[in-house]
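Asker: Here is how the chains run, residue by residue.
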Amino acid sequence: MSTAAPGPAEGGAVTAPRASRSVPLIGSLQGYIGLVLIVVIGIWTQGDTFANLTNLTQAVGYFAPRAILAVGMTLVIIAAGIDLSVGSLMAVGSTASALMLTELNWPVIAIVPASMLLGAVFGFVNGAGTALLKIQSFVMTLAMMSIARGVVREASDNQSVGILTLTSSNTVAPGSAQFQQLGTPGKTLFDVPLIGYFPVLALVIVVIIFQVVLSRTTFGRHIYAVGGNPTAARLSGVNVTGVTIAVFTLSGLLAGLAGPISAAYNASADPLAGMGYELDAIAAVVIGGASLAGGRGNVIGTLIGCLILTLLDNVLGLNQFSPNWQLIIKGVIVVLAVVIQRPDLFARFAGRRFSGPKGGAAAPTPPPTSSSAATDPLHKSGEASGS
Amino acid sequence: MKSITAVLVEGQVTGTPDSRTSRTAEQSLGSDVATEPGTTNGDTLGEVPLLEMRGIGKSFPGVVALREVSLTARAGEVVALLGENGAGKSTLINVLSGVFPDYDGSILLDGRPVTLHSPTEAQRHGISTIHQELNLVPDLSVADNLFLGRERATRGLVRRRDSIAEAGRLLARVGLTISPRRLVRQCRVAEQQLIEVAKALSMDARVLIMDEPTSALADGEVRRLFEVIRGLTAQGVAIIYISHRLEELEELADAVNVLRDGRWIGARTMAGTSRDELIRMMVGRSVEDLPRREADAAVAELAPRLQVRDLTLRGDAAAGRVALQGISFDVRPGQVVGLAGLMGAGRTETLESIFGAHPQSAIGGSVLLDGEPFAPRSPRHAIDRGVVLVAEDRKAQSLVLDASVKFNTSLPSLKSFAAGGWVRGGAERTAVRREVARLGVKTSSIAAKVRTLSGGNQQKVVLAKWLLTSPQVILLDEPTRGIDVGAKSEIYDLVSALAEQGVSFVVASSELPELLRMSDRIVVLCEGRVTGELEARSTDQETILEAAMARSQVVAP
Chain A
-5 MSTAAPGPAE GGAVTAPRAS RSVPLIGSLQ GYIGLVLIVV IGIWTQGDTF
45 ANLTNLTQAV GYFAPRAILA VGMTLVIIAA GIDLSVGSLM AVGSTASALM
95 LTELNWPVIA IVPASMLLGA VFGFVNGAGT ALLKIQSFVM TLAMMSIARG
145 VVREASDNQS VGILTLTSSN TVAPGSAQFQ QLGTPGKTLF DVPLIGYFPV
195 LALVIVVIIF QVVLSRTTFG RHIYAVGGNP TAARLSGVNV TGVTIAVFTL
245 SGLLAGLAGP ISAAYNASAD PLAGMGYELD AIAAVVIGGA SLAGGRGNVI
295 GTLIGCLILT LLDNVLGLNQ FSPNWQLIIK GVIVVLAVVI QRPDLFARFA
345 GRRFSGPKGG AAAPTPPPTS SSAATDPLHK SGEASGS
Chain B
57 MKSITAVLVE GQVTGTPDSR TSRTAEQSLG SDVATEPGTT NGDTLGEVPL
107 LEMRGIGKSF PGVVALREVS LTARAGEVVA LLGENGAGKS TLINVLSGVF
157 PDYDGSILLD GRPVTLHSPT EAQRHGISTI HQELNLVPDL SVADNLFLGR
207 ERATRGLVRR RDSIAEAGRL LARVGLTISP RRLVRQCRVA EQQLIEVAKA
257 LSMDARVLIM DEPTSALADG EVRRLFEVIR GLTAQGVAII YISHRLEELE
307 ELADAVNVLR DGRWIGARTM AGTSRDELIR MMVGRSVEDL PRREADAAVA
357 ELAPRLQVRD LTLRGDAAAG RVALQGISFD VRPGQVVGLA GLMGAGRTET
407 LESIFGAHPQ SAIGGSVLLD GEPFAPRSPR HAIDRGVVLV AEDRKAQSLV
457 LDASVKFNTS LPSLKSFAAG GWVRGGAERT AVRREVARLG VKTSSIAAKV
507 RTLSGGNQQK VVLAKWLLTS PQVILLDEPT RGIDVGAKSE IYDLVSALAE
557 QGVSFVVASS ELPELLRMSD RIVVLCEGRV TGELEARSTD QETILEAAMA
607 RSQVVAP
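Protein chains in written order, with our numbering: chain A, -5 to 381; chain B, 57 to 613.
Pair by pair, the computed Cβ-Cβ distance ranges are:
| hint | chain 1 | residue 1 | chain 2 | residue 2 | range |
| --- | --- | --- | --- | --- | --- |
| 1 | A | Ile189 | B | Ala483 | 26 to 36 Å |
| 2 | A | Ala149 | B | Gly382 | 53 to 63 Å |
| 3 | A | Ile323 | B | Ala503 | 35 to 45 Å |
It is worth saying that the hints were derived from the structure and are not from the lab. Virtual Cβ for every residue (Gly too), placed ideally from N, Cα, C.
With these hints in hand, go ahead and build the complete structure from the sequences.
Answerer: Given below as structure tokens:
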């Protein structure tokens, strides 16, 4: 695995052009297959207990905040970054929303945008640190994960902020009922099953918007270009710094949206909310076919990844698997998903069998005339080259 | 000089296939470069050379990089390898240092055939290589670097005192007085160079390959290196020395082997040859029959489109960026100006500075575009003013390899297919298809990944993407590197056709025939300075190479 990085680059091009062309197809197809498989197992083992609207709505609603984080994470990962702070930023949004509701008596219509703005500010700082100070995004957002968690714990005094608790005037906050509609199970915005439930609606809208942004706008193209080859992007006139800052800002913005939904779902904003959510989000993005190397992935894939994780949890839970086993199985699914997306891995193993001990044929030595090619064989033997 | 190398032209060819090669080469050199008649020196007769490479060939898919190359080195001798960029020097030393698992021909050490299929194998036979880019771990100490992979250890524990003492002895052999405990990061480049030499010594190197060892050294440091090299040869080590700097070879080398286009052209004793002869051997073919661009009198009348005046660039040793020290030239509409120069002459830096790829704070002097100041803060600004750069390394700098042909082609001009940030897919596809068809890019569809295309077609995609921006000035850096002959001539034709339409070109290339063919005028750079400006129609490769080697500091013996 560790030597695979340069390998498929050369190997894929020469050994199997046909296979590499079908990779995207398989890559997306296997996600659907996995999803269908889980649904079938769910219906087969649990029947209507699984396949009823209440169960599905609850399952998706429960996972929606993480799925919204995953959409932001998709943008960041396509741009070859990573955002470890989204869980903490969601907690910031969650607690801030609850405080705006109970302390400031703001209406919901103001709370949600305010929370998103707050998240975006944190995200902007991530982006600025990454793009301007050239801090690796892993490090920058790791720091932000800690900072934001500290901020939210300080702001909430380490107390959960209940959205229905009585205030000093012995009443619940005036916006509480409305706030509940953001995610409290059973509360729907309007009477369309599933879609009427705000977390689901919000997720669907976010997915559509960002899928369109990625696939249809110049900004979306630039995100792929920055992740695929930042040098080529810069020399092609792409504002790499701007794009990097923008994706982190958007990731923060979406964390700010996930915050109030999470608070409404739990009926309170816990300063410890969202711990580990960044890892679920990354898992969903990876299952959805994105590469942490950047330049690859899409929001629809991420949505599939989210649904796989959600429904898997749900089906396992309904079938009385302990949470411990759910974790183990989830991990195995991530590995499987990544391996299945890489048919070239199999090709390499197959190629190795026929081409002798060094696998020379699988990764043909490129001609020395191109400068990048000339360094390749040297790198393989751990040496640099002159020319 | 311990021994005079036998000139191998006669001695070795009898009955071997390279007789054809060398004879052709000699013929093309003309009568004035006649083969030195088998000057096998009396005292070397019968002596078995330390290293003998016979009929070495190496091919890559689609390219023959080396054919029938031979090289002989005796103990205590400095054998120079000379040739233009791409002549096959690097391939040859890579064969010798075991980088390639397979090659044709045979290698003899002390007259016994050996196989060198891995760097470890080469090292075991006493062949060590010092690459131009040094192979030291910056954050380890000098001693740790010297014994990297061969640590002096007892049951896994490194014997520190022992290694440091031994490291000190090795460093003393190469005349270094630095502490073995010092981090390599804190050593000067020249010191690192000598550390590499010491490392080679510790592996009992009998053959030491040095690839452009002086390219990053100051004169005093060069002197020091030469003394060390002389010390080594006195101990019987054979040195294979690669350098572009003829004056260094004159001082150091016993024999020179010249390569050109992957072929062995000939060997000379350094004492028995001249710079002129060596340059002629490197250049080889007569250039009279090369197609040249037609003179266009009308172009000369036009006001210059691009005026570069005293362009300077601060160097950056860490990034390997060469400093520019006052570059000036003009380019008129429809004119093609070639930039010639050796590696590190500043060709790429000149183009990148004009394109805004370096921070303006590092750039001095001025550039005028159509008479107006032109100082792009980023490539975007340059592109918007109609100046584009086809970068040197298309895979690393120009293409998103895993993205489609369409994605890559429309990337810089995406704005023109977009309304309010919204890409109009139809318009984009139409434009990309048109450009792809015009340039004859061979691809199954515009949705195919660029990675799956051949080098020539990838380069055409790069050109297509820039042509979609309707540029006024196209800066080409090594436009035909690594692509096949057919695609090359298509690119030449394209450049001619665009020049006809009034597009201005600046072309940097290390292939002189290419520059002579493509350009109207050729500006020769050497170490960040302009050392010649020539009319492409009336000049030749010898003149260009002489200007390109006009190194200001000459190493006195």
